[in-house]
Structures are given as C-alpha cells and as structure tokens.
Amino acid sequence: MPATLSFFLKQARCLALAAQGFNGRQPPAAIKAVQLNRLIERLGILQIDSVNALVRSHYLPLFSRLGNYSSDLLDQAAWRHWHRLRVIELTPSRASLAPARDREFL
Numbered sequence: 001m002p003a004t005l006s007f008f009l010k011q012a013r014c015l016a017l018a019a020q021g022f023n024g025r026q027p028p029a030a031i032k033a034v035q036l037n038r039l040i041e042r043l044g045i046l047q048i049d050s051v052n053a054l055v056r057s058h059y060l061p062l063f064s065r066l067g068n069y070s071s072d073l074l075d076q077a078a079w080r081h082w083h084r085l086r087v088i089e090l091t092p093s094r095a096s097l098a099p100a101r102d103r104e105f106l
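So the sequence shown is numbered by our numbering: it starts at 1 and just counts up by one.
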C-alpha cells in the first residue's frame, strides 16, 4: 500500500498552482515563440473563446503564466504559418488550440 503524504494547506496550494504553471518564476524579458510553444505543450490544450471583455480569452492563460507577450506570436503559431504549425486548431465543437504533435490523439 502506498504511503500517504500530508501537506499543510499552504503547501498544497503552492503545489497545485505550480502544477498549473503558476510557479512564480520570472519569464524572460522578451517572450519568444519558443517559450509560447513550450507553455502550450505543457498545458496540452488552450480553449478558444470569443469573449472579449478585456482581450480574447485564449490570450489570458498565456499572459498569466508568461507575462506580457505579443498575442501575434499565438496568432502566427496557430493560423499564419500553416506549413510549420506548432499549434493546431481543433474542430469547431471543441474550439481549442493544441500542440500539433498531439494531432493523432485528438
């Protein structure tokens, strides 16, 4: 039988946030496509949402983890450079972006 781990509430909270990419590390001064692609690969999927209260919703998860980045990087990865896609758009019923390497599993 596996051992049970015990955590204080603060430790559990920190673990949960770090697992989602909120680890408190400072991102590089200038975010480049490579950091953006790594994050999308780590997240696995990025829901596209047309809600536009502040900005389009699919830009926010990346901003909250990377800091200020050019949303054009995501647009280029998903829609402009189709011949070297790192990110693919899933079917309309899923309305999501996912790493291109996972295409066969989706």
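Please note that the accuracy of each hint is not assured.
Stated by the list, open to error - Derived CB-CB ranges, DEER-like:
1. A29 <-> T4: 20 to 30 Å
2. A3 <-> A100: 17 to 27 Å
3. A53 <-> F7: 33 to 43 Å
4. S71 <-> R13: 24 to 34 Å
Treat the hints as calculated values from the structure; they're not laboratory data. Backbone N, C-alpha and C fix where the C-beta goes; we use that ideal spot for every residue, glycine too.
For each hint, the structure was consulted:
Take A29 and T4: their Cβ atoms lie about 43 Å apart, and the range 20 to 30 Å is violated. Remark: the range hint 17 to 27 Å for A3 to A100 is contradicted by a beta-carbon distance near 39 Å. Restraint check, A53 to F7: a C-beta distance of roughly 35 Å satisfies the suggested window 33 to 43 Å. One distance hint, 24 to 34 Å for the beta-carbon pair S71 and R13, holds here, with the actual separation near 29 Å.
Violated hints, listed in ascending order, are 1, 2; each of the other numbered hints is respected by the structure.
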